[in-house]
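Q: So the sequences go chain by chain: A and B. Residue numbering for the first sequence follows this note's numbering, beginning at 1 and increasing consecutively. Residue numbering for the second sequence follows this note's numbering, beginning at 119 and increasing consecutively.
If you're looking for bench data, these hints aren't it; they were derived computationally from the structure. Just so you know, these numbers come straight off a predicted model, no measurement behind them. Note that beta-carbon positions come from the ideal geometry of N, C-alpha and C, so glycine has one too. Possibly wrong hints are sitting among the right ones.
[As the list claims (entries may be wrong)] Derived lysine-lysine pairs resembling DSBU-like cross-links, with alpha carbons at most 35 Å apart: (1) A:64 / B:160; (2) B:188 / B:220; (3) B:174 / A:20; (4) B:120 / A:66; (5) A:20 / B:160; (6) B:185 / B:220; (7) A:66 / A:55; (8) A:41 / B:174; (9) A:14 / B:220.
[What the hints assert, rightly or not] Which stretches of chain B does chain A cover? Using the computed rule of at least three CB atoms under 8 Å from a CB of chain A, they are: (10) 147-154; (11) 159-165.
[What the hints assert, rightly or not] Sample of chain B residues at the chain A side, in silico, Cβ under 7 Å: (12) 134; (13) 215; (14) 218; (15) 220.
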Amino acid sequence: GAVVSQHPSWVICKSGTSVKIECRSLDFQATTMFWYRQFPKQSLMLMATSNEGSKATYEQGVEKDKFLINHASLTLSTLTVTSAHPEDSSFYICSTSSGTGSENQPQHFGDGTRLSIL
Amino acid sequence: QKEVEQDPGPLSVPEGAIVSLNCTYSNSAFQYFMWYRQYSRKGPELLMYTYSSGNKEDGRFTAQVDKSSKYISLFIRDSQPSDSATYLCAMSVGNTPLVFGKGTRLSVIA
Numbered sequence: 001g002a003v004v005s006q007h008p009s010w011v012i013c014k015s016g017t018s019v020k021i022e023c024r025s026l027d028f029q030a031t032t033m034f035w036y037r038q039f040p041k042q043s044l045m046l047m048a049t050s051n052e053g054s055k056a057t058y059e060q061g062v063e064k065d066k067f068l069i070n071h072a073s074l075t076l077s078t079l080t081v082t083s084a085h086p087e088d089s090s091f092y093i094c095s096t097s098s099g100t101g102s103e104n105q106p107q108h109f110g111d112g113t114r115l116s117i118l
Numbered sequence: 119q120k121e122v123e124q125d126p127g128p129l130s131v132p133e134g135a136i137v138s139l140n141c142t143y144s145n146s147a148f149q150y151f152m153w154y155r156q157y158s159r160k161g162p163e164l165l166m167y168t169y170s171s172g173n174k175e176d177g178r179f180t181a182q183v184d185k186s187s188k189y190i191s192l193f194i195r196d197s198q199p200s201d202s203a204t205y206l207c208a209m210s211v212g213n214t215p216l217v218f219g220k221g222t223r224l225s226v227i228a
């Protein structure tokens, strides 16, 4: 069964709207979650690493003020796309790990959120 | 040279064929090797996970890692139309984020 739940699965909204995506770890406590973005027919691009109780680590080129990440509990991380524009339309996927100790492997992914900005 | 190279395909095979999917990598420090299957508009699903050279088998799937050649493979026996998907290899060093291949699109024709 699924170990990572992501919600919503699909969002369509107007330009300028802020959209929040939730990622829940169902079977285990996750100190680290990852947020990816995927364009059609392309591989996953890591956006940021979300750490419980501390600030997220963003990859180069990802605007931290645009993509707000909150990881307030061991089972929930949220990604908020602020003032979304059509170029933010993409498939956003979160992942977490069932690994023990300091190892973050293997990672399990949510089913993704398809974001369409009109 | 990219860290992980994977032929994007598409690869089309008849039902029942043996499928071979491959990735090469340049970073000899990679320790963990994974294969994910991704259906259209879904998140990647973990198929195989290995951390040493050699073979690992799970049902119709066999993952092979050759660290000396920096080469990993996924074999699918008795392929089914339901195996049609994009297959992503991924690897990492310890606690670092995964590095993905581009993914290979597979179509199994009934």
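Q: Any of the earlier hints contradicted here, and which numbers?
A: 3 and 12
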